[in-house]
Structure formats: structure tokens, C-alpha cells
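Take a look at the letters that make up each chain.
4 protein chains.
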Amino acid sequence: MKNRKELRIGLVGCGFMGRTHTNGYKRVSDFFPALTHTPVLKAVCARNAEKVKAFADQWGYESTETDWKHLVARKDIDAIDICTPNDFHAEIAIAAAAAGKMILCEKPLARDLAESQRMVDAIEKAGVKNTVWYNYRRLPAVTLAKQIVDSGKLGRIFHYRANFLQDWTINANLPQGGEGLWRMDAAVAGSGVLGDLLSHCIDTAMWMNGGIKDVTAMTETFVKERMHQLTGKVEKVSIDDACAILCHFNNGSLGVFESTRYARGHKALYTFEINGANASIRWDLHDLNRLEYFDNADESKVKGWRSIHVTDGDHPYMDKWWVPGLGIGYEHSFVHQVADFLKSLETGEPCSPTFTEAHETQKVCQAVLDSAVSGTWKNTGIKN
Amino acid sequence: MKNRKELRIGLVGCGFMGRTHTNGYKRVSDFFPALTHTPVLKAVCARNAEKVKAFADQWGYESTETDWKHLVARKDIDAIDICTPNDFHAEIAIAAAAAGKMILCEKPLARDLAESQRMVDAIEKAGVKNTVWYNYRRLPAVTLAKQIVDSGKLGRIFHYRANFLQDWTINANLPQGGEGLWRMDAAVAGSGVLGDLLSHCIDTAMWMNGGIKDVTAMTETFVKERMHQLTGKVEKVSIDDACAILCHFNNGSLGVFESTRYARGHKALYTFEINGANASIRWDLHDLNRLEYFDNADESKVKGWRSIHVTDGDHPYMDKWWVPGLGIGYEHSFVHQVADFLKSLETGEPCSPTFTEAHETQKVCQAVLDSAVSGTWKNTGIKN
Amino acid sequence: MKNRKELRIGLVGCGFMGRTHTNGYKRVSDFFPALTHTPVLKAVCARNAEKVKAFADQWGYESTETDWKHLVARKDIDAIDICTPNDFHAEIAIAAAAAGKMILCEKPLARDLAESQRMVDAIEKAGVKNTVWYNYRRLPAVTLAKQIVDSGKLGRIFHYRANFLQDWTINANLPQGGEGLWRMDAAVAGSGVLGDLLSHCIDTAMWMNGGIKDVTAMTETFVKERMHQLTGKVEKVSIDDACAILCHFNNGSLGVFESTRYARGHKALYTFEINGANASIRWDLHDLNRLEYFDNADESKVKGWRSIHVTDGDHPYMDKWWVPGLGIGYEHSFVHQVADFLKSLETGEPCSPTFTEAHETQKVCQAVLDSAVSGTWKNTGIKN
Amino acid sequence: MKNRKELRIGLVGCGFMGRTHTNGYKRVSDFFPALTHTPVLKAVCARNAEKVKAFADQWGYESTETDWKHLVARKDIDAIDICTPNDFHAEIAIAAAAAGKMILCEKPLARDLAESQRMVDAIEKAGVKNTVWYNYRRLPAVTLAKQIVDSGKLGRIFHYRANFLQDWTINANLPQGGEGLWRMDAAVAGSGVLGDLLSHCIDTAMWMNGGIKDVTAMTETFVKERMHQLTGKVEKVSIDDACAILCHFNNGSLGVFESTRYARGHKALYTFEINGANASIRWDLHDLNRLEYFDNADESKVKGWRSIHVTDGDHPYMDKWWVPGLGIGYEHSFVHQVADFLKSLETGEPCSPTFTEAHETQKVCQAVLDSAVSGTWKNTGIKN
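Which chain is which? The protein sequence lines are A, B, C and D, in order. The numbering used here numbers the first residue of the first sequence as 1 and each following residue consecutively. The numbering used here numbers the first residue of the second sequence as 1 and each following residue consecutively. The numbering used here numbers the first residue of the third sequence as 1 and each following residue consecutively. The numbering used here numbers the first residue of the fourth sequence as 1 and each following residue consecutively.
Mixed in with the good hints, there may be bad ones.
[Claimed, not checked] Listed next, the stretches of chain D that the computed footprint assigns to chain B, with coverage defined by at least 3 CB atoms under 8 angstroms from CB atoms of chain B:
#1 296–302
#2 309–317
[To be verified] Here are the simulated BS3-like cross-link-like pairs (lysine-lysine), alpha carbons at most 30 angstroms apart as the crow flies:
#3 A:LYS51 <-> A:LYS26
#4 B:LYS267 <-> B:LYS146
#5 C:LYS146 <-> D:LYS224
#6 B:LYS343 <-> B:LYS69
#7 C:LYS267 <-> B:LYS153
#8 B:LYS146 <-> D:LYS301
#9 D:LYS146 <-> D:LYS343
#10 C:LYS267 <-> C:LYS233
#11 B:LYS301 <-> D:LYS146
#12 C:LYS146 <-> C:LYS213
#13 B:LYS5 <-> C:LYS26
#14 C:LYS343 <-> A:LYS301
#15 A:LYS303 <-> C:LYS320
#16 C:LYS75 <-> C:LYS53
#17 D:LYS343 <-> B:LYS301
#18 B:LYS320 <-> B:LYS129
#19 B:LYS213 <-> A:LYS213
#20 D:LYS53 <-> D:LYS5
#21 A:LYS320 <-> D:LYS51
#22 B:LYS26 <-> C:LYS42
#23 A:LYS236 <-> A:LYS267
Note that these hints are calculated values from the structure, not bench results. Here the structure is a predicted model, which is why all the values come from computation and not from measurement. For glycine and all other residues, C-beta sits at the position ideal for the given N, C-alpha and C.
Produce the entire structure from the sequences given, and follow the hints as far as they go.
Below, the structure written as C-alpha cells:
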């Protein structure tokens, strides 16, 4: 431990994601002892001074700030971690890049394609290390899925389908906007389930199956008006409560994606399935240590979907944890992303997904929103 | 038994569906003894004289025909059951209606909307009893789902999603057309997975959730050319190997449908899910005696999807079979449809789905094909 | 059909099992057309004249009897099928054997070991064809399990475990004895869940894994007294409501069996699992078309329990039914047993399980009851 | 954080359990900020100086010891956490009690009943705070099961069944004894799967369902001889590779327990089920965030096992973690046990299971071993 290089973290935002990221920083060295770098919780920043102090006290940050510009200006910070609502991602990231800081930005990268383009321009100009927290990639079962795809076991891909189903906004009396509910305010979030949930699905999909060429989509806002927490008035709801997408991947396969916060009975049911000529894979976030795999090469009479409990020492990341059969949780995806980021400092390789890669996801999201308005197919402009 | 009125059946076609229907006729009186009518296997018709005789011998038909026009002309036949490939549905049905026969037609009703319109016109003009074999409605778990929806337990409906996934045509060496493979020949079948598989999904969906207002869709033919069994030549494949649909129902809910014969690992995975404000339902043909149900009114700490084994005496149709826990199979859906058809002879009520109802499904299918060509949303013209 | 030899059936008993057997006789020729024999429903016998006539009328028996001795004496009957409560099995079987009839006897073979010994003696002396309706063997998934075991894929066997869980007698107000409830009367049934449910588990277990050497067991009667339907009095309940067994198989593996009618939530949950050095198998009656299989030879990272949907044409019996993915039901196990019995008439081979084999199951049951009384291990006397 | 009282930990042993406990100490204050106490990693002790220094460095212990007697003698230690192999539990615990230290002892408490009796005597005499790490109680789904039982929802209990199935010792070439394999050496471990795995099942069972009155059991050692790592010789294996138990609980319900390390395909499949007159519960460690619950009071037609994803804010411990739908892992059970231990310092209540409670589990284990030898039922001597 003593000889590790420090990565001094300045965190902006202390909500749900502030907690998951911080937990990642605090645990990584216990479980990934071979890394040459170790995070140090230098400072946390949020507008509410009392809240940020309580957060720093609970989690062990050395100092606090209430103005992110001060944080970005500090010499004792190596990396800015952006956990704010989406409307601050671009401004902070661009300033941090200009200040030569590494940047770890919560997803989605931006509210729209113009914003994310500016962010990409900024980090490219500054040449700073960067990554975006599409954390689900780093759940062992999802990483294993990627390894299986990359192994070529699936053969030609025909289909990719993914859903992300929730039910927490069905109640029409739930207000929108403000503390804890900014995800329901389009001005802050950029979009609804598209940016919040489908962006995860799209990130995973393109990581595994390559670029999405074109899309057609529908969006719906089931509850048209809600009380806004900040104005105290009943206002029009502008986010998408639900969004469904048909698409073509550049490799010729078909995609179907659906997300909603109105699927009664589902809390965070992110599922995906990929069908190839020779094999198929499927996964479910509610049983996150498991991957299902069908291999058509199995002997005919005993062929069937295999339920792989992804907890063995030869499964991705799992040599770092316990023993076979003992599952890990959601939060470990963030620990793994921190570990991979630290590793990338050693190797000099990018830590995927970079801003540039996350910008591709923004291209799909933009095409989806455009298609939902026009009712026609939209090209994403993605080439690979 | 002895006092029952006879329903004298003339079956056209002796393939897979000829077997399922015949089995339905032969079993119904054993298990539904209170019915006042009983089917009699009067005649079976197919072009191949040897084959039709073997079929009649195996299943117990009293006589055979090789020309369906002779069958339709017979005075000792009350009902014509059409199990031919799709390209004969219209011609036979229209002739049978003109001859005053009842008609039980295999699904999809027709190859296209124009055909099904002519069929509806014919049965309306003739005033003959009719039904279409969308058999999955009559699996007890599916009928239970319908009862739950009708009970109002779900509240406002937000989402309907259904898939029908198979994998039997992935092999590019599989020929198309002719004996056993006419479903891959667009000239005969009208369409591919749309008419064969999605038509079931659409029938169930509109039965439970009302009319579909508009659609956007994509279709794909993964293997572009195959040897045609009848011509012996490699020919262009014109059916849809896969089809996915986004739609709005007239009640404001959103629908997502997908079907393919290229989903490696799935044999006949028909699944549907419906999400309401208060409750949700889902079902899976591979575990067909089970219905999953989520009721948001359950006490919070012990709330969860209920796995209902639909084998109790108070479940639809199940008082006719065995004892709780002992499942029935696919074929029973046909027995139930026969029972319901016989019952409708007693009551004078229509036996749903009628030609008129199945024609609504054809409207959706037509809009899907049109949308897949134009890349735009298409109205179905369905009002309720 | 016309050239088939007739097997003229005389059925004794027209309850639940009378229906399942009769359905088997009526369907077998439709689905197994290559058989050279075909059953004919010659006569059904039950004490209640009205009931037996109604049954004969519903199912199509040519004639009825109210005294089984008359039935056994009839020259136009080839085979006696015994579906009575257990207390008549021995008497009827012995008389039928003496009359030179083939015998198909419902399980358990007898109420106790002395009875079954006399039955075995009788059929051996008479040299008549015989079988016992341990029908679950003939569900395709169970037969597939047997084939896998016989293939040697499992290697040395370490463990066998089976449960048969029900919940239908929890209500203390349920009467015992008489019509529909004779299974709760020890004088008629011989035992409770042991003979009714565990006998199935033991039959399957020894079929797959060889003889059981010794046992220790516990039985329990949770509701000590119930109104007896025949006497109208509250009487002591003498059957076992629950029974659990530890045992050694002759091959050195360990067995654990449990059955109860007090497992709230389970209707007929017969499950078994067998663990070998190289592979394991498990099965569940509530999802009866599926077999789970784990093969340790699978590549390490993608190893997992395979969920085999046993509905393909190369699965046992399934070439006779529909197409892949379309499940069959409980009743089909009886159709298969009829088919195998008819086949055994062609080949001259025994139709397993014979009385002699079912007598081995009785030996285990007897040792279980003895052990439950003594509290010690009991040898079964089974050698292989 | 700053005002919390310190609980200065001295850990003995730095293997698998040393890691799980340490992780618990390090995370508790982040997630349970309202606690008034906080653990401090004062010292870790192990015989191998190099290893213990590496462990201390990785995990952040302030100091190391190589002789546990030195650790116990230190004035700056409040609590001794015993993570050694089982053969040191008694000696260390008794010395620690004499030194007035609190004790947190890994399970099973002891190798045999005589040892655990001496340990109980020691802590009673010393009056020191104590607990035993039967961690599975503190998985949220298991705690929820306990809450449901305590609520009375189940009514009279009829059945309890639990399995703990593994497959990691099937290979006959695996050596026994020594580093990483002391669990296979009876002299060190006391017993095999009984103490290692079944003790968990018994602890959970008696916690939920009260005392076990008597037992009958069988044990088996499948591989009779293995190379011993410490002697380098092939020696007799004395542990139980497998163990199965029948028992009566004091409340009149029946128990069936089975454990093995020879169940191919299962890594750590701890499952339990409890059946009451009104409701039932079951759970599975391989899907640890889920509890299944059947409530017979549900409306008949829609009754079924509920699959509860135990990740809502009103589920045990879950308000401390993330948001609904996002599961936690195995290790969190230890965090929860630390939290509950710290809470018990505030309240002065015992932290269950105490040595006294764990001694009850030892009574059952002793009776099991005795019964396995004698082949007869053994009373446990447990009264409640």
C-alpha cells in the first residue's frame, strides 16, 4: 500500500452516484492489491455546505467545496469525478479538461448531442484521461458475456434485444424536478428513460455488437402534468416515461430496445439477449451473478440454456472476491471500474468507455429522440 | 353420448394442423361430457390419395376426398375445417360459405387483407357459423390472463409486449417451399413470421388489450436465397425471417412485438407481458401451465411476482382434466376450442375469434408489412 | 388400423385412475400407428351400477359389470386393468392371474409386503403378462433422465434425492375414508404418502440408480383424528401424513426422500435429483417437459445447469407428438405406458415395471414403515 | 465519525474469514452512519510473520502479532475476533474471556460439544460480550424470512427442510489437511460438512423454528484416503463428506437436512424451506436477494409462490444500501453482523447468536455424529 501512487479525487455531487463512486474508491485497494495506484478522497463538492460536510464526514473526504470551480482550480486534485445532475456535466467537464484534470463522468455523458460533442472536443484538445460510468459493463456476468461474444462462439449475430423496466413513477402524485427527482425534469436530465436507462442498454449493446446504424422509435409521457418541486406549480412533464426502439446494427443484426418506468412489478429489470447463428446469451440484472448461455454445438438430446453462476475464480473479476457460489452485488461494478481506471493509469491505455465512446451512445439517443418526433427512421451516423 | 347431436366434420388438409384439430374432435366428448353436440369425423380431403387414405385410416375418418370442391359439395358434412396452406384458405372458405357450411379456418385467416376481406364478406353474406384457430387463447393460463384483465385488476394499461422466438430456419441449406416448408414461400404463406407467429401474438394482444391503432415495423430476410423444393432452383426468399413492431393501442398503451426464426436456443418461445397501473401479468409457452402475476396491492414487504400453476379446479377448463399440479399440454388448446365451438352451437353465440375478429388481426399484419416497406407509421383503421 | 390385433380391456374402477388409463387406451393408436395391437374398451366394472354406466357411456366402453368376479370370468376380456382402491388389488390380481388374464395394476402394487408377495407368486405361477402403472417413468423428461444415467455420463453416483410435496389435506375438517378420500384410510390404502407418493419416487429411484439396501425413516400424522365418511364418526387417523427417509443404495450412493401432504404451496411437486462424479440431473413435475442437466465436462467459464426443453423429435416419445417447443401433459405418461405395453406384446419382452419389480418397491416401503416404528435402520433385502 | 467510540479489533487468522470480517469492519461506518461505535483495525495475528504483515498492509491493520497470546494480552485491544481453524477456537476464546475481551468467534463454535461447553463456561464466568459468525442470518432475504415467521403468518409449522450442496472435493487427487484444506482434516475441523455447512443450516433453522428435539442421521466419506499436505502421506479421511439428518423440532414439525461436497453442479447451494399451515417460505443462496413466499390467503385463482426481490427500502438492512432492484452480495452479511454487534454495544443487548446460542447448534451436531455411529435416534437435550 505504502508505495502506491496516489490518485487524488475531487468529487462533484454527493447523491446516489456520489455514494457508489466513493465506495468504489474506498474498496479498490483492499481487493485489487496489485494495482500501482490508489485513490485518495481529497475533496467533495456540493452547493449545500451542510450536506457536503456531512457527506465528507461520513465517507472520509479530506475537505469540502461548495463551488465546483474552486474544486477544479485546486492543485491537489488529479481527477474530477462528475456526479451532478446531467445539466452540469458539460460545463464542469470542459472546465476540468481545460485545467488538465482527468475526468470520470457519470452517464449519460450529456443532455444532447451538441453538449457531448463539446465535451469530446474539450478532452481531445486537453488530452486528459477520461471515462464514463457505464458501470453495468463491469458486472462479472456482463463482462463474461462480452468475452463470449469476442471469442466468436456466437457466429453471425442476428438479434439483440434489451429492456430496462421500472415502476417507480406510476403514481401520478409524485412531483417532478428538484431534489431526488431531477431525473423527471427534461431541462435538467435531457430526456427520461432514454438517457437514464436506455443509454446503459445502448452502451452495452454497442460494446458487444458494434455500432447501431439507424433507428425508429416511439416515446410516451403517460402522466402529462406533475407538480414541480422547485416552482411549486403543476407543470407539463417533458421527459419520456417510456421509450421503445427498433434498429439495425452495422453488422446486419436487428435490435429491439424498450424502457419504461411504468412496468408494474419491475424495480430495475435490465435484461439483454443476443442471438447468434451458433449460440445465444441472456442476462438479467435482478439475478446479476448469473449468465444464461445456449450453445448449439451441445449434443442434441441434452442441449439447453445453461445457467452459469458467474462466481468462479476464472470468471471476470471474481478471483478478487470470495469463493465459488458466493455472489457479489451491484456496487461491485463501480469498484471494478475504479480498478480498471487505475490499471489504465499504469498501462497508458484508455479506460473504456471514454468520452469518445460515450458520444456514440449520445448519437443513438439523439436519433431516437428525432425519430420519435418525426415518425421516421433516422441514421445515427455511426460507421463501425 | 347417444343423445348428442352430431357435428359432421369435413377436414381439408392432413398435415400438422390436421392432426391437432382431429385430436381435438376425438377427445372433446370424453372430457366435456355435458356438451349437447359431438363431432363426427365424416371425411378428410387432401390432394394425395395415398396420404389422405393413410391419414383417414390412422385417425378414423369415415371417408376421403382428393378434391376439396367435392367435399364442400357433400350433403353429409356440416362443417368444413380448413387446414391447408394459406393460399387455399380464401377459395375454400368462400365456397364453403356459399354452400352453407360452418367453417373452422386455420390461422392466419388469409395471406393479405384483400383476401380476408373477401372471406368476411362471404361468411357475412352466407350467415354461417365460423371461427379461426388462434388456439393459444384457450390454454388455461392464457384464458386466466384474459379473465384477470377483464376483472379490472390491472387498472390503466401502460404496456403490452410479446415475442415469438424460434430457431429452426437458421441453417442456410434448408430449402424453401413445398411439402413441410410452404411456410417459407411467400406466394403460399403470404408472409413469414408475421403471419405464422406474430398473428398469434396480435390476436392475443387485441383480445386482452383492445385494438391496435397504428404501427411501425421492420422486417428482415437473413438468408436471401434458398433452394426451392418445387422448382429445384435457388430462388430469392421473399418471406420475413424476422419482424419487429412498435405500436399504440387504442387505449393509449404501448406495444412492442418481435418474432423471428433466428433466435438460437428458442423452439417456440411465445411470451407476453401486460403492465397495468395496479398489476401485471406475464406468460411463457415453454412453461405453459404457469402464469406470473404481480399485484401491487400486496403487502409491501412480501410483494413479488406470483408463479401461478394453473392446474386447479377453479382455473379455466381445468375442472375437466386431472387434479391440481398435473399439467396439460399444447394440444389441449385445440380440444378447448372444439368444446367452445360446440358450446356456441348450443347458445347461438359466436365462437371467438370469428372471421370478423381475425380480419382485425389481418389489418394489423397489413399495416406492419406496409410500414416495413415505407419506414413510416401506418394506421390500422381499427377503431376499438 | 384394420389389421391390428385387439387387446380387449376389462377395467375395474372408474375413478381418477380409471379416467387416465382409459384415455391412454383411446389415444394410443392415433399417435403410435405402427403398433400391431390396439386396445378395445370391452367392459368397465364398478360396484355402483349407475355410476359405471355413466362412465361407460362417457368413455365408450362396450359393456359394464358391477362384480369384478364376473369381469374376470368373461371370455371376451384379455386384460384386467385394476384401478380400485388398494385393498382390492391383491384379490383381483390373484383371481385374474388364475383366470389367465394379463394384468395392468395401479400402483402401489399392494398395501403391504405380504400382499404383494402373494400377487407376485400368483402371476409367476400363472405366467401372465403384467405391469404396474408407475406412470411417471414415461414422461419424456424422466425417460431422458434414465437414458442419460444409462449412458454412463454421470460417472460414479454419490447422491439421489427426491421429494413429493402436496398440501391438500392440511384442513383439519377434511373427513377421511370413503369416496374420493380412501387414500386417507390406512385400512384401505395401506399407508399414506408412502404408498401414494413416495412409492413413485422409490420406483423412479431404483429404476435409475439400482436397489436400495437399507433405510431409516420417520413418519408423522399431523391431524390425529378426522371424521370418517363411512362411519360418520371422528376416528383416529392411521396413515402417514408425512414421511422422510434416509437410505443407502447398493451402489454406495446416499438417498434422501421426503413426502408430505402438508407442504403449503405445493400441489404435486415431485422432484428428483441425482449427482454423479461427472454430471447431475434434476427434474420437477410442475414443469414436466423440462430436464436440468449439469455436465462437468463443459468448458469451465461457460459451465452451468442446462435447461433442456424435452420437446424435440429425438427426445423419448416426442417424435409421436407435435413440434419442438410444444409441451405435452401428465396424461401422456399413461398413453406411453399403454404404447409400451402393446409393444411388449409384439416383442414378448416384459413391460417394466412388472409385478416383480414393483414388489421391490414394496420391500422398501415395508422397511420404511418398520424403521419408522423401531427408530432403527432396516435392511430391505434387495440385492441389486 | 469523529465522536464515535472506538471498538479496537484484534483479529486472529488471516484467511478467507479474516478477509470477510475485516471488510465488514471497514465498511460498516460508511453505510451505518448512525452507529455510536466504530471498529478500529488495531492488530492482526497469524503464525507466519510475512503473511500477516502482507495482510495488515493490504487491509490497513495498525500492527501485527505472530503469537495470539500476545494479542490477547494487549491492553489496546477491546475485542478478539477468532478466524483460525476450528482447533484454536476454544483455547483462544477461553484465554480472551479470561483477559476480559469481547469475543467474535467464527463458526462452528467448536469441534465438539465438550469444547463448546468449556467456551460457554468461560464467557459466562467472565461476563464478556460475545457473538458467533453465523453470517447467513443477516442476508436481507433471510432476515425477512425470520420476520415473516415471527409475524405468525405461517401458522402452525409442519416442515423445515434445508440443503447445503457443494462439489469442490469430488476430485480424489485433492489432498487433505494443511493450508487451505484444514476443513478436510477431522482433527482440526472436528467434522466435515456437518460443522462447516450444516451448522449454518441448523443455526438458521433453530433461529426460525425453535429447538431441535431429536435426530437420526447418516454420514459418508466417499473418498476414504487422501494425501495429507502436512505429512506428505496418504492417510485415512475422517471427516464426513456428506451428512443427512431427519429430526423433530420441539414445536412438532419435521426437519430434513442434507449437506455434501459431492453434489456435482452446486457451488454453495444453501437452500431452506419452511411450510406452515397458512404460508410457506423458501430461499436459495445462489440467488440471495430473493425470497419466495406462498400465502394461502391469496385469492384462489391467482395464488402462487411470490418471488420477492428483497431490495426495497422497507426490507431488512436495505435502506442502508442502494435503490430498489439493485442487489447486494454475500459479504454484506458480515457488514450487517458488525453493525448489529456495534448496535448491541449501544443497547447492552446480546448480539445473537451468542456462544450460548451457538452451543445449542453444537448439541445438534453432537447428536448427529452420535446417531450416525449408533444408527439410532438421539435426543439433543434442547428444551425450547
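These are the hints, each one checked on the structure:
Restraint check on the region 296–302 of chain D versus chain B: 4 residues with Cβ-Cβ distances below 8 angstroms, three needed, restraint holds. Restraint check on the region 309–317 of chain D versus chain B: 4 residues with Cβ-Cβ distances below 8 angstroms, three needed, restraint holds. For the suggested pair LYS51 (chain A) and LYS26 (chain A), the alpha carbons sit about 20 angstroms apart, so the restraint of at most 30 angstroms is met. This hinted pair checks out: LYS267 (chain B) and LYS146 (chain B) have alpha carbons roughly 25 angstroms apart, not beyond 30 angstroms.
Distance hint between LYS146 (chain C) and LYS224 (chain D) is fulfilled; the C-alpha atoms sit about 29 angstroms from each other, no more than 30 angstroms. Proximity of LYS343 (chain B) to LYS69 (chain B) is assessed by CA-CA distance (about 28 angstroms); at most 30 angstroms being required, the pair is judged to hold. Our distance criterion of 30 angstroms between C-alpha atoms is met by LYS267 (chain C) and LYS153 (chain B), whose separation comes to about 25 angstroms. Straight-line distance between C-alpha atoms of LYS146 (chain B) and LYS301 (chain D) comes to about 13 angstroms, which keeps the hinted pair within the 30 angstroms bound.
Between LYS146 (chain D) and LYS343 (chain D) the CA atoms are separated by roughly 19 angstroms; this keeps the pair inside 30 angstroms, and the hint holds. Taken as a hint, the LYS267 (chain C) and LYS233 (chain C) pair is honoured in the structure, with Cα atoms around 28 angstroms apart against an allowance of 30 angstroms. With a C-alpha separation of about 12 angstroms, the suggested pairing of LYS301 (chain B) with LYS146 (chain D) holds against the 30 angstroms cut-off. Restraint check for LYS146 (chain C) and LYS213 (chain C): the C-alpha separation of about 20 angstroms stays at or below 30 angstroms, so the hint holds.
Pair hint LYS5 (chain B) plus LYS26 (chain C) holds up; C-alpha atoms about 22 angstroms apart against a cutoff of 30 angstroms. Proposed proximity of LYS343 (chain C) and LYS301 (chain A) is supported: the alpha carbons are some 24 angstroms apart, at most 30 angstroms. A threshold of 30 angstroms between alpha carbons decides the hint, and for LYS303 (chain A) with LYS320 (chain C) the separation of about 20 angstroms falls inside it, so the pair holds. Among the hinted pairs, LYS75 (chain C) with LYS53 (chain C) is consistent with the structure: their alpha-carbon atoms are about 21 angstroms apart, no more than 30 angstroms.
For the given pair, LYS343 (chain D) sits about 24 angstroms from LYS301 (chain B) by alpha-carbon distance, which is consistent with the 30 angstroms threshold. Taking the CA atoms of LYS320 (chain B) and LYS129 (chain B), the gap is near 25 angstroms; set against the 30 angstroms cutoff, the hint holds. For a cut-off of 30 angstroms, the pair hint linking LYS213 (chain B) to LYS213 (chain A) stands: about 28 angstroms separates their Cα positions. Between LYS53 (chain D) and LYS5 (chain D) the alpha-carbon distance is near 27 angstroms, which keeps this suggested pair within the 30 angstroms criterion.
Annotation: proposed proximity of LYS320 (chain A) to LYS51 (chain D) holds, straight-line Cα distance about 17 angstroms (limit 30 angstroms). The suggested pairing of LYS26 (chain B) with LYS42 (chain C) holds, with an alpha-carbon distance near 19 angstroms, which does not exceed 30 angstroms. A C-alpha spacing of about 25 angstroms is found between LYS236 (chain A) and LYS267 (chain A), which places the hinted pair at or below 30 angstroms, so the restraint holds.
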